[in-house]
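Residue numbers (my numbering), protein chains in the order written: chain A, 11 to 155; chain B, 11 to 155; chain C, 11 to 155; chain D, 11 to 155.
Derived from the structure by calculation, the hints contain no laboratory data. Fair warning: there could be bad hints in the mix.
Since the list gives no way to pick out one identical chain from another, each pair is judged satisfied if it fits inside one copy or across any two copies.
Claimed, not checked - Lysine-lysine pairs mimicking DSS-like chemistry, simulated, CA-CA at most 25 Å apart:
| hint | residue 1 | residue 2 |
| --- | --- | --- |
| 1 | K108 | K33 |
| 2 | K23 | K124 |
| 3 | K118 | K108 |
| 4 | K23 | K108 |
| 5 | K23 | K121 |
| 6 | K121 | K108 |
| 7 | K48 | K118 |
| 8 | K124 | K108 |
| 9 | K108 | K24 |
| 10 | K48 | K32 |
| 11 | K23 | K118 |
| 12 | K124 | K48 |
4 protein chains.
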Amino acid sequence: MSDELLESELSNKKSEIAEFLKKEFPQAPIEILAVGDKTATVRYAVSFDSLRPGGSVSGPVLMTLSDTALYVAILATIGIVPMAVTTSLNINFLRMPKADRHLIAECKMLKVGKALAIGEVFIYSEGLDDPVAHATGTYSIPPKR
Amino acid sequence: MSDELLESELSNKKSEIAEFLKKEFPQAPIEILAVGDKTATVRYAVSFDSLRPGGSVSGPVLMTLSDTALYVAILATIGIVPMAVTTSLNINFLRMPKADRHLIAECKMLKVGKALAIGEVFIYSEGLDDPVAHATGTYSIPPKR
Amino acid sequence: MSDELLESELSNKKSEIAEFLKKEFPQAPIEILAVGDKTATVRYAVSFDSLRPGGSVSGPVLMTLSDTALYVAILATIGIVPMAVTTSLNINFLRMPKADRHLIAECKMLKVGKALAIGEVFIYSEGLDDPVAHATGTYSIPPKR
Amino acid sequence: MSDELLESELSNKKSEIAEFLKKEFPQAPIEILAVGDKTATVRYAVSFDSLRPGGSVSGPVLMTLSDTALYVAILATIGIVPMAVTTSLNINFLRMPKADRHLIAECKMLKVGKALAIGEVFIYSEGLDDPVAHATGTYSIPPKR
């Protein structure tokens, strides 16, 4: 496939997943920046509601974002599967995220099997080099009917 | 200490933590049911916003609740320490929570050291026996000034 | 079933699993103390080889023991399934184990589903109250042929 | 610093850590292939003892190797610190390792703070592209005296 065709296909896939997510999670301030082969990049718009006193982003926001980035990368890999569910998530908080920057999650699937998909996610304060969190998560994929 | 005195002390502690949490996380639909020696029981009021299509509670709600239950149990053990932060959380999703029941989190600290506190959390759909999720989490405790 | 019958059945099950383990892991210094409904208690005989300089038991010994205790509890629950394999393990080290005491692992399964089994393990220095480690692990169960 | 000088320094560091490990863990069939800034590459020589019936490498071997690779990367970063201890390890098993190939662990530290160091490890069957396991682990670093 030519690069141009591939790019247009990925762009279509991105729109399709974005539309699906908007229906499933209408409240989430999440934008898909890119999808690829077993990868996804997602931005979370930090707002006053995401902050803890002291001015950092709350842990649950980072967990939500990790979970969503994994879901997007899986949908990008196996197609829209509404019944895929998280079976486990492990997250390490590395540094305080900046209160005045949005969050970027970069997800890469480590394995996409028939029954289980496992991936890792790095989260960054937008524009900064050092990750604020790292997560690994497992999704259970329903058997095809 | 007599049982009566102990009970009244724990009740005071519960109110104090509840007030603190309300200031820190004003939006969270969370109620502290009980605190004890290295333990906490917390209820999360499930509403339409907590649901995924298909009628189950979303994973991030369970993560948020786990994190909060750990925080409450730590505050109950070492006193109000605003700067305690989560350093890691591991969660396993065991069963679909019921959409029409609130969630109960029961936390027990496994270790409360000088620098790190580690605990485990079981989450239940209120009134049911089988846990819907199990989490372990680590908090970093700031050095005393 | 009468208590006597149940006890004799569990004792048979224990012997059957012990024999199977001995064939699969002939080198492991592990003894099954008890099995029950979704539970197992296993002892690891600490020897000079298990120690780190400084006189504590090495981390990998605790991981091995956690993994084995989970395996025994699963075999006790679903029967001898040679192809069950660990898919993930999460362990928190809580306290230094004593160099001069054997280790006891107490495992309880949190869920035994058709495809996945999840359990937790507490490890103790024999005779002491505070756990030295806590683990959760997931096994994948092969489909029935 | 010139590239030549840097290389010779890293080579010295590698020898120093290898010598230290040999004293601490004389039985482990482990060889340090490379160390760098917050990174380490370690080989585990698979032998008959490391195998499970069926011909795969046992889970505990992969856990041991993950833990060791993290330790080597930490020692390479902060110097020989005998009292650094693992506080947690999370491992996902992705594919069956080959029975007839050694294992290669590539570790990268995600954060090396004053009290905690967190890193991730990919494990491969030597010469193959897809990882057989992925781990994240946390070490507690003792305060300087």
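We went through each hint and held it up to the structure:
| no. | hint | verdict |
| --- | --- | --- |
| 1 | K108 - K33 | between (29 Å within a copy, 21 Å between copies) |
| 2 | K23 - K124 | within (21 Å within a copy, 33 Å between copies) |
| 3 | K118 - K108 | both (24 Å within a copy, 24 Å between copies) |
| 4 | K23 - K108 | neither (31 Å within a copy, 32 Å between copies) |
| 5 | K23 - K121 | within (20 Å within a copy, 34 Å between copies) |
| 6 | K121 - K108 | between (31 Å within a copy, 17 Å between copies) |
| 7 | K48 - K118 | both (6 Å within a copy, 21 Å between copies) |
| 8 | K124 - K108 | between (38 Å within a copy, 21 Å between copies) |
| 9 | K108 - K24 | neither (27 Å within a copy, 32 Å between copies) |
| 10 | K48 - K32 | within (21 Å within a copy, 40 Å between copies) |
| 11 | K23 - K118 | within (17 Å within a copy, 32 Å between copies) |
| 12 | K124 - K48 | within (14 Å within a copy, 27 Å between copies) |
Hint compliance for this structure: hints 4 and 9 are broken, all remaining hints hold.
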